[in-house]
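Below, each chain spelled out in residue letters.
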Amino acid sequence: MATRPDTLQGSLPLLILTILDRRGPLHGYAITGHIQSLSDALRVEEGSLYPALHRMEEAGWIKARTIVTEHNRRARAYEITSAGRRHLGIEEARWRSITDAVNYVLKHA
Amino acid sequence: MSWLSRIVNVFRSSDVDRVLDEEIAFHIESRVADLVRDGMPRDAADALARRQFGNRLQRREESREVRLMPWVEALVRDIRLAARGLRHAPVFATVAIVTLALGIGVNTAILSIVNGVLLRPLSYPRSTQLMYLTTQLPAYGFSEFWVSVAEYLEFRQFNNSFAEVGAFSTGEANLVAGDRSLRVRSAIVDTPLLKTLGVQPIQGRLFASDETGTNSARGPSLPGGVVLPPPVAMISYELWQSAFGGEPVVGRSVDVDGRRVQVVGVMARGADLLESHTDIWLPLAFTEDDRSARDNHGLTLIGRLKDTVTPAAAQAELDTLMASWAERAHITPGSGHAGHVFRPLSAGRDAHILQMTPLMDRILGRANRSIWVLQAAVALVLLMACANVANLLLVRAEVRYHEFALLQALGAGRGRLVRRSIVESVMISIVGGALGVLFARLAIAAVVHAFPDSLPRINNVALDAPVLMWSFVIATGCGLLVGLASVMQLDQGVGTYAFTSATRGSVRATRHRLRRTLVIVETALAVMVVACAGLLVRTVHNLTVVDAGFNRSRLATFSITLPPSSFELLGRVHLYQRILDQIRAKPGVRAATAMTGLPLARTLDASQAEISNYIAASGPPIPSIEYYQRVMSDYFETMGIPLVQGRGFRSSDAVSATRVAVVNETLASTYWKGLNPVGQRLRPWIPGSDQNPWFTVIGVAKDVKQAGVDQPAGSEVYLLVDQLATDSPTTWVAISPTTMNVVVRATVPVSTLAPMIARVVHDLDPTVPVANLRGMDEVFAESIRRPRLLSQLLALFSGLALLLAALGTYGVLAYSVTERRHEIGIRLALGANRMRVLRHVLMQGLVPALIGVAIGLTGALVASRLLTSLLFAVEPTDVATMAIAVESIIGIAALASWFPAWRASRLDPNAILRAE
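Protein chains in written order, with this note's numbering: chain E, 1 to 109; chain V, 110 to 1025.
Quick caveat, the hints were computed from the structure, so don't treat them as lab data.
Source: prediction; values computed, not measured.
Even for Gly, the Cβ is constructed at its ideal location relative to N, Cα and C.
Certain hints may be false.
[Said to hold, decoys possible] So these bits of chain E aren't anywhere near chain V, every CB distance computed over 10 angstroms: (1) T18; (2) I19; (3) H34; (4) S82; (5) L88; (6) V105.
[What the hints assert, rightly or not] Computed beta-carbon distance windows for the label pairs: (7) V:P230 with E:E91: 53 to 61 angstroms; (8) E:Q36 with V:D152: 17 to 25 angstroms; (9) E:N103 with V:M149: 41 to 49 angstroms.
[As the list claims (entries may be wrong)] In silico contact screen, one side only, chain V against chain E (beta carbon under 7 angstroms); selected entries: (10) F135; (11) E171; (12) S172.
Please construct the entire structure, taking both the sequences and the accompanying hints into account.
Here is the structure:
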């Protein structure tokens, strides 16, 4: 499968993990909603969420279970795992060190 | 989600798809619901939701690939398609599968022999440390001779390489347990030997160290120096089950050779000494007299190397010991008892060395080479089977040409098509392999049942895990090989399956060349297998027609043992006499006699003798007679052995005062070259005993092959038991024999004689069993059972090879004729001679065969060199055998080519042109 030139490709997992960490278990549609409400700049084709979710599920960062929504419909909800939290922590630290470094350069160059 | 669950999901793909679809559907429906709630009409909401979602199919595929392993899915799909394709071509599938089943089946069978007999270590603990030790006496031509008690004890003392060394001898004994009287195989061992082997009892105990070895003898020796060991014995597990019914036996007393002994232990199941099927283990005892008789050799040694010592190092130590033995033992080398000592090979005629060989090698002997020859032969047969199946696949590829062209046009890459072909051929070979394994199981059971003793360690032959694993690997390998061969023409690059007939023609030509090459290879391999088989068949034939020196037709034989402790000397002779008299009186019996040694399976006696008028320069330094044959009356007449000089024994000799002897041609030519043997004298020699009578030679008998038809005859002297029997013997020769082999020449078959003989012996003494009753033909057949098994198996494989070669040639030619029907039809329509067409096609079949034969003949001449040690009276380059092999292959090729050629010449041009 050819990879799509999506600007969000690398940071989509990070985004999902953060949302799940802050907001608890959500299904795919709700996650999409949160991403869109958080930022208009990060516009993503809705469908590309799902392969990302499934990859993260396979990697063990999130786990899925079937829930019943308030409209009495069946859906799959995802929840972050401890491995996922660990990964989130590592990635946050990484972003932070990159931005710190860039800020420093911008200030002192 | 681990890779295991990803593989499992391949088989649950419909479930996986459903879950993915549901999730995506939920998302889109939720979006639609929200949009409708905000006021959009449903249709528009639907369209917008879908557009916003993106490419649904592609997303689903991406997710699917996360969930299941894509290449496993592709493989499973290819397998399903291949199975369906084979179902639609049952004839092709059956022929291919059966061909490979035959090839893989014989390979599996031989692999199980290689694994069980050659590769699996002996059942003793750490068996690679075990060495088998014997002596050599080059001046007498004895390359594997026994060890004397003194030599054994000194070796234990002098060596530094062995952790333990023990001694043994083997034989047979009469066992009376309750009311049953049996002849059993015995192993006479000392405790160091039991320790060396590491065999353990499952009940009771092993011999204690004071029960064997020096000074363990109990009681006085019997006349002639037979030493009585302590009255203990151990029995084998197998004997315990068969003769004692598995009942408690430790502590019981049984009769062994007329002597009461106590059973002190039962050996573990399968415990044995060198494949001799030991039933009873007896203690080995020797006295000081035995020790001082340095030149009395009767023992064989087995030693266990120390953990830190390699065989090479031990051999090096042995070599240095040979040179310094006399010094260490404080012996001055000379003739006679006291001066007999090991001397290195550099001492020439006086050389006497101790040699060692790994125990496994001794047990396997020539079986090692025979089995590898069989393995090579079946490997070649398997290659031929693969060539045939590759040809079938090539033909099939032609037939499916259009199908592949269509697939390629639809976008299937070359890799994909290659993969499908390979999956198909691997499937065929695995199914064929499974079938072959079943077939191998039957074959192995049949061989083990029909030839129980024809291979050493044959009870290890089984289809166990390593063999099955190797068979699977071989089957997969064949499948890959065959699959690759059949898609080789795909290497033509883009447009291979283009519809143009021009391209098609060139592809067809390539494939045809490929098929021809396969037939050439097959023919070459077939020549090699058939030629080697032919050499071995000739070997067996040569062995069968060797003149053994006596007439073995309608001759039955059995042996009886009258043990020393239960019969007095003269009593024994009279009993043998009475048995013979009674048998001779029975109807159907033409003649009967008895002797101590049964030809074709005799062990050396090799005892020193004094020989008158012998000049030592021309032969062995000390005269030694290799075989002593003590016979009853009518010996030469019953056996059909002609006397070339002088006469045989007469009834008057039995009561004559002069001791008479008959010698064989070899003895006469060794010791009395140029002299007249009749009238010469000889006597078995014991130091200090001049009371031994001299025997006068009255005749020379034709040589009898004592040890086997492929061994040269040794020197032999015949003595009449009636003359020997006396109450006070002074030499072992003069004791009436304990075991005699009776031979009966009769007009009725052995099965009729058997009950009569059993009755005669039983009436005269019920405690004496009749052992080994069989025809001499059977004795002979047993002596050549190993080369015979080898040649029969190879003949079978060469039959298989010829069949495969015939099928291969026929198949290629038949298809070629079918392919070129138009061309032939046109030629015939234009007036071509039918005979020319026939000849043309016939040539097409024969030319590859001839090329193959030429290549194969070269290969056969090289390969047959490896067989040299297995052949008898035939050279590896034997012209007649090679000629027959070549002729048979060409004949088969001609036969196989005949039918397609005939069919081609019979084609109706009208029918062909009309069908255009």
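Right, here's what the structure says about each hint:
no.: 1; hint: T18; verdict: holds (20 angstroms)
no.: 2; hint: I19; verdict: holds (16 angstroms)
no.: 3; hint: H34; verdict: holds (14 angstroms)
no.: 4; hint: S82; verdict: holds (17 angstroms)
no.: 5; hint: L88; verdict: holds (20 angstroms)
no.: 6; hint: V105; verdict: holds (37 angstroms)
no.: 7; hint: V:P230 with E:E91: 53 to 61 angstroms; verdict: holds (58 angstroms)
no.: 8; hint: E:Q36 with V:D152: 17 to 25 angstroms; verdict: holds (23 angstroms)
no.: 9; hint: E:N103 with V:M149: 41 to 49 angstroms; verdict: holds (45 angstroms)
no.: 10; hint: F135; verdict: holds (5 angstroms)
no.: 11; hint: E171; verdict: holds (4 angstroms)
no.: 12; hint: S172; verdict: holds (5 angstroms)
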